Amino acid sequence: MKDINSEIKQFILKEFLPGEDPNNLTDSTPLIDNGILDSLAILQLVSFLEKEYGIHIEPHETDEEFLGSIVTIESLVRSKLP
Amino acid sequence: MKLEKAVQQNNNKNANPKTLIDCLIFHGETRPDKIHARYIFKDRENVFLTFAQTLERTREFAVGYAAFGVRKGDVVLIIMEHHEDLMAAFLGAIWIGAIPCFLPPTNPKTVYKRYYENLKNLIQAAKPKAVLSHSAVRDALADSLHFPDPPVLLVVEDVVSHGLSPNPADQDPEDIALIQYSSGSTGLQKGVCLSHRAILAEISGVSEFFEISHNDRLLTWVPLYHDWGLVCVALHALVEGMEYSLLSPIEWVQNPVSAWQVANLYKSTIFYQPNFAFNLMAKRIREDDMKEIDLSSIRLVCNGAEPCFYESHKMFIERFSKYGLRNDYLGIVYGMAEITNSVIAAGHKEPIIVDNVDRFILQAERYAKSVDESSPNLQRFLGVGRGLKNTKFKIVDENRQELPERYVGEVAIHSDARMHYYHRNKKATEQSLTPDGWYYTGDMGYRVGNILFITGRRSDMIIVGGVNIFPQDIENIVAEHPAAVPGRIAAVGVDDLEQGTQQIVLIVESKSNDKSVLADLAKFARKEVKQNLNVIINRVVHVPHMWLIKTSSGKIARIPNYKRLQELEVSDKIPSI
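In order, the protein sequences belong to chains A and B. To convert, take the position in the first sequence, counting from 1, and add 5; that gives our numbering. To convert, take the position in the second sequence, counting from 1, and add 10; that gives our numbering.
Calculated directly from the structure, the hints in this document are not laboratory data. Since we're looking at a predicted model, the values are computed, not measured. Careful: at least some of the hints might be erroneous.
To be verified - Short derived list, chain B residues pointing at chain A, Cβ under 7 angstroms:
#, residue
1, V263
2, N265
3, R294
4, A529
5, R536
6, K537
7, V539
8, K540
9, I546
10, R549
Claimed, not checked - The calculated lysine-lysine pairs, modelled on PhoX-like cross-linking and capped at a C-alpha distance of 25 angstroms, are:
#, chain 1, residue 1, chain 2, residue 2
11, A, K19, B, K359
12, B, K301, B, K332
13, B, K525, A, K14
14, B, K359, B, K332
15, B, K301, A, K85
16, B, K301, A, K56
17, B, K44, B, K277
18, B, K293, A, K14
19, A, K85, B, K293
20, A, K14, B, K537
21, B, K525, A, K19
22, B, K301, A, K19
23, B, K324, A, K56
24, A, K56, B, K293
All residues carry an ideal CB built from backbone N, CA and C; glycine is no exception.
Take these sequences, add in the hints, and give me the full structure.
Laid out in structure tokens, this is it:
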């Protein structure tokens, strides 16, 4: 089984936190509140998740409740996997 | 209630309107039942307004403003969310000869304290007579207006309950019709004052170039507090008697196909959006989303408000060509609030020109040398077009002497659409607008024949998603962290062709080399900048104290520092603390 948590973390580090120490990004780091993701970055993340896991993320699922941290993103992805 | 004198006057001069109110009355009387505005909502029914309804609502606002003491020449700030009353509130102020100005409302991610602090400072500088908002934010606004001689605080519900204004104020085309405030913190924001004549001149030029008529239907999601939403779409539709559809930017960014859904439903013909949105729509919209979409009504998709990239256009057309969009449907408009909006354009019958130049010669010699497609140093620029009616431009050096073709310098524009002045800021006006009418834009570019190419900015303004961000606003926020060295921070905008806009790179000196302190500094920078300016820092680079180069005048040289960083990265000598 894919390590979804780690894949999401790697994607965020590579795309939105280049050069950052990976230890500074934890499962619960607030991604939106802490200024790591804005509305355009969220769309980039959504495109990645949809492509990588073959799922559909709805417009109402693009807010803090679902994409606010690595934990919530992982749980959103898992809820959509067959 | 019938319009009396004004209608008679306007029926006589309808072919040659002199003010925005002439246009409103003319279309309200001659095509009263035509749909003028379609406000698209996510969580409630869409609202459509005819020209007659727009006229009537405008007169309601007008009489309401007057009842609360607003008079000719007074400034009215309008701070409203996406709402069908936006334009009536705006035109109602103009109707009585007052001067409206849209400001962005708070958004869910705004830190209220900073927002209201900035607003308070702006109000004290702009000295409006009134501030109009919705009742939901009245208390918060009232709290921020504790200073001597504050403006009257109005809410929509109170203003529109006083009947209809019978006649508009007497107005001259040279009267200031509106103010557009630029982004930025206090001291950086400038209020551009535009006359009726300037606005009508701009609209006339754009209409002529793109052959826009009352049969066109405009579409955008760019809000009205951005000059694109206001001038290119809402006012253009008002002047030409057109229909326009306006989406909320929040709705669009969550669901980009919503723009195509509206185009499909209401047969939009012209769609305006900034460059990054071309990338975003091309990449984000799924094939499934397009099943029911017919784009055959679209004849022009217009780009602007930020640097326009060849790659963005290519990506967009490749993605949507199967739905009928073609290269020659793309247009570019270039301009800024100081010249109303758009006075240089490309596309439609004059194809957008792609210029291939040598990027190294461009940087080193400030000369755009032509190269062929196979050059390893290839950099492509899109021509933003030629001067529209009553507009000319030139490229000048540091001494404002005109440069020959292909030499890079500052773009200066002479246009009938130029502003009168910056609101209550004579010094800034004199710096950028000369007595003989040339406006010095701060943009860098070159000319080939009569076509303008933009290469960057003289100032270090960052443009993200069509929004201007002053680097010093970012640097000032970061300087508040105890580990940062104030005055030794550089925020730089870097072109990102993948996203079609700029990324923000922050280079920050610190006296500490403790990893946890540096991590805290980066976290602080990202969080505070996002919350206060609503943009993200894409990359934070820590450098040792005294690493950043300053100019001879003691200012941080942002772009040279970024170039130095790039060079060190290529040779794998990234600075370490």
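Comparing the hints with the structure gives:
no.: 1; hint: V263; in the structure: holds, 5 angstroms
no.: 2; hint: N265; in the structure: holds, 4 angstroms
no.: 3; hint: R294; in the structure: holds, 5 angstroms
no.: 4; hint: A529; in the structure: holds, 5 angstroms
no.: 5; hint: R536; in the structure: holds, 4 angstroms
no.: 6; hint: K537; in the structure: holds, 5 angstroms
no.: 7; hint: V539; in the structure: holds, 6 angstroms
no.: 8; hint: K540; in the structure: holds, 3 angstroms
no.: 9; hint: I546; in the structure: holds, 4 angstroms
no.: 10; hint: R549; in the structure: holds, 5 angstroms
no.: 11; hint: K19(A) / K359(B); in the structure: violated, 43 angstroms
no.: 12; hint: K301(B) / K332(B); in the structure: holds, 12 angstroms
no.: 13; hint: K525(B) / K14(A); in the structure: holds, 20 angstroms
no.: 14; hint: K359(B) / K332(B); in the structure: holds, 22 angstroms
no.: 15; hint: K301(B) / K85(A); in the structure: holds, 23 angstroms
no.: 16; hint: K301(B) / K56(A); in the structure: holds, 19 angstroms
no.: 17; hint: K44(B) / K277(B); in the structure: holds, 15 angstroms
no.: 18; hint: K293(B) / K14(A); in the structure: holds, 22 angstroms
no.: 19; hint: K85(A) / K293(B); in the structure: holds, 21 angstroms
no.: 20; hint: K14(A) / K537(B); in the structure: holds, 19 angstroms
no.: 21; hint: K525(B) / K19(A); in the structure: holds, 20 angstroms
no.: 22; hint: K301(B) / K19(A); in the structure: violated, 34 angstroms
no.: 23; hint: K324(B) / K56(A); in the structure: holds, 22 angstroms
no.: 24; hint: K56(A) / K293(B); in the structure: holds, 11 angstroms
Hint compliance for this structure: hints 11 and 22 are broken, all remaining hints hold.
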